[in-house]
Amino acid sequence: MNKILFSSISKKFVLALAGVFLLMFLPVHLIINLMLLKSDPEPFNKAAHFMATFPVIKIIEIVLIAAILIHIFYGIFLQIQNWLARPVGYVSGNKSDTSFFSKFMIWTGASVFTFLVIHFFNFYFIRLGLVRGDPEDFYSVVHSLFKIPVYNYIYLVCFTLLGLHLFHAFSSAFQTLGLNHRIWTPVINVIAWIYAIALPLGFAFISITIWQFR
Amino acid sequence: MGKLNSKIPDGPLAQKWTKYKASVKLVNPANKKKLEIIVVGTGLSGASAASALGELGYSVKNFCYQDSPRRAHSVAAQGGINAAKNYQNDGDSIYRLFYDMIKGGDYRAREANVYRAAEVSNDVIDHYTALGVPFARDYGGTLDTRSFGGVQVSRTFYAKGQTGQQCLLGCYSSLNRQIKKGNVTMYPRREMLDLVVIDGKARGIIARNLLTGEIERHAAHAVVLATGGYGTIYYLSTLAVNSNASAAWKAHKKGAFFANPSFIQIHPTCVPQLNEFQSKLTLMSESLRNDGRIWVPKMKDDKRPANSIPEEERDYYLERRYPAFGNLVPRDVASRAAKERCDAGYGVGETGLAVNLDFRDAIKKQGKKAIENKYGNLFEMYKTITGIDPYEEPMRIYPAGHYTMGGLWVDYELMTTIPGLYAIGESNFSDHGANRLGASSLMQAAGDGYFVLPNTISNYLADEIRVPKISTDKPEFEETENSAVERLNKLISIKGKQTASSFHKRLGKILWDHCGMTRNEEGLKKALTLISELKKEFWKDLNVPGTINEINMELEKAGRVADYFELAELLVTDALDRKESCGAHFREEFQTPDGEAQRNDEKFTYVAAWEYAGEGKPHILHKEELKFEEVEMKVRSYK
Amino acid sequence: MNLILKIWRQKNPKTMGNFVTYRMDDVSPEMSFLEMLDALNKKLVEEDKDPVAFDHDCREGICGSCGMYINGHPHGPVPAITTCHLSMRYFRDGDTIWVEPWRAKPFPVIKDLIVDRSAFDKIQTAGGFISVNTGAAPEANSILVRKKKSDEAFDSSVCIGCGACVAACKNASAMLFVSAKISQFALLPQGRIEAKERVRAMVEKMDELGFGSCSNTGACEAECPKQIKLTNIARLNREYYKAF
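Residue numbers (this note's numbering), protein chains in the order written: chain A, 111 to 324; chain B, 122 to 760; chain C, 46 to 289.
Some hints could be false.
Each computed DSS-like pair below joins lysine-lysine, with the alpha-carbon atoms no more than 27 angstroms apart [stated by the list, open to error]: (1) A:K121 with C:K94; (2) B:K611 with C:K94; (3) C:K167 with A:K113; (4) A:K205 with C:K94; (5) C:K167 with B:K302; (6) A:K121 with C:K51; (7) B:K618 with C:K56; (8) A:K213 with C:K150.
Everything labelled a hint here was simulated from the structure, so no lab data went into it.
Computed from a prediction, not measured in an experiment: that's the story for all the values here.
Kindly produce the complete structure, drawing on both the sequences and the hints.
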């Protein structure tokens, strides 16, 4: 049984499952962030407060952090195994026709992780009291952060890379979960495209708007 | 004489096999484990034999020269596998399959063996289906069949154009199951260098590990050769380039008679030679002749592109000569007719050694889509190789060496003239007479391996149960190993100038020119001289770089070519000796006024089994008279 | 045409290898890639040099023996063919051609362009079969199979075990190879009976041999000479979850 739980396919399964959870979380986050565009800080702060205190959400939050950690851990673990599977590479490179961004998942993933660390410093740690700031007024925290150009640059780069990560991730997760269908797979692939473009674009739109127009 | 005992059981033909099985000696399960069997080859016959014997509980050692048993050349068979299931309700039966094979083989095969092959054919289909071989099916879920050349029923089971691959992978899977169980030990990348005979019985082999060059001794209570045919003797053939006759030839030199060596099928529809470096002639399935029309220009040396030659200037020579069967005459007839036209100067292409196989009319009539559905993958393959699109231009085809009906002589039990040495599949001579019908090679190979040999081998092994595990320290192993090593050293120490392949190519040319589709006394005698001269040159001017203690593919080739020189001499001798035309063996001196083969049943209704008499001595001919009790001998006519 | 060949030469598994440059003049566009190498080897043997070792046998694209990594692609830049079918027509006069062996931990180089692919056999031995003894099979038509399923099983079963999928995959994963066999048997009623044991055993063996995992890049599908589809891998995943 151990062998089954820790086989390559099982690890991929866990990685994909965690990924799918994260995929579901992102739109929720985006919707909340859209409230930042209002001039009234109240709705956003309320939403943030709700997310931080509501018991069910608290549980989901634990799952979310677990999902992030599992996704990262399994991603790195599998990547190292995969590197070990080819100790000597090709001199003439690899010119096979592939899902292009799939080759860089570990790197796009790493940059998303870098952003997450920053993100945690800015918000989550404030809530935990580890970093100075008002946990009841994230609206102002965000607005002041988006006024820093460097922060924006990093933000935009990270979201572009997240988009590239999502390009492959979305449909790949379905494939790994064994969900493949003559009709539905092409539909999923289209949704994946839309998702991978729309989501980072949404986040970027918010940051640019605040930066340039507020 | 009297050395040949075919051990055909008494009784009516249809009951022989049942009766034999009921009375054959058996080995009890506890004893089977103690009995070791060596199987050389992992094609359809070898892998099926190894797995079936493993299932029975014998300790089996299986050898192949490739890196994996799945690569044996059975994998390349395209068309299908015959069985007398009569799923089509078209009047098929075991008897009719048997009859078609006897007639197709031009009455030069042994009735009892052929009948048995037909009998077990149905079991073969059942077994492959159970093994998960995805044969083509009809919409109702039942197995589909198609028709093949030379017969009037539809009995050929198929898996697109890859029936051989699917059947071989079926055998490979059953072999794997026995390897996992520990009943079969697999020895890939091994070449059998010689057979070890102790007290007149086959007791083992000497093999060379092709990766390390190490010489190994393997002992067993019985040895089974499933080493395929020797079509590559022509150098260019439809066979895998590493296919060879060495194992069979070594067994022959140790006492196994070689039967009908000159019966080699030349397949009519192959991609012709395109350049001098060509290593292989790819087969285009016989099924193409169902819709393709074969023609050459009516004018000699006509170099115009095929499409610009008007209809009235085309000679559809098969339709002209054989109005009844047209383009669907049997392989030997179609091949000879192509050669006749090309020799007369009507051939097409740069070399003039090709004829057109034209789908223009079929495409016009049935539409491109319909033709694509039937032959799409073959058309693609042709285009890949030649760069010519057969939807637009006719294919160019020419005959090529394909299947060897001849092989080691075996009795009804598939045992050679060396007790304990068996030969199955293409490596024996038994079932196809002088010409093989399409889709019957897979059938015979699998039948031999799965259903015949496992039953007959116990008759021999039952008397071997008291023989303890055979030691490889016996002097016979020592001697055989020494002579094998000595020969390798001899090959490597010539240090001449030419490669083994270049000799092989020249030998192939001699045989193709003088002992190919047609033969005559003068040409054959000339061939004997040429072969012997070339053989001398080979032993003087061969170059094999490297050593014998490492991977050395040139050394492997050299050994095979050296054996081919000896086999070539026997092949030509056999062709000279058979003063008649039958099946694939066409002697120009013996033909009807309109150019058809003329058998001489009175003098040649026998199997020519040749005994090796020693280095430099002529082979001794033994004749196994063929008795046709069920079938009346007729003239094959396709007019 | 004239070509520059950069070929990986390695004496044996223990020694280090390196690329050796060969000039090939007067290459006919009608040659196959292997025939071009034959010509090179003829030249080398005549000069009493060690010829380039490579696996090959049927030379008609079905045995799966040949396989080399040519200019960034397993079996060369033309899709859906094996190296033996790669025609020199696809190269231009003056081209430089890089020829490398398959690279993967479970496929160690034996010599030059020959790699040890016995790992594939080991996976098949672990479970790539239906357990039925000779003689025990029921009448072939007693189990009906839907034509569509049977045709699909055939499409999966055409794998020739050449290893191009592993060679192409950035992770050296054998998932396409394993999934082809799993799919063939999963789609047929004959194979369903021991489907769970089979998929567990084959995946376990695949992992044990050190192949990488699948990251759905699709390189295997793009390079497979027999055009085995990625859908097989999804099916393998499914079959594996069912086996829990």
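* **Numbered hints the structure breaks, given as an ascending list** => Going through the list in order, the structure violates hints 1, 4, 6 and respects the others.
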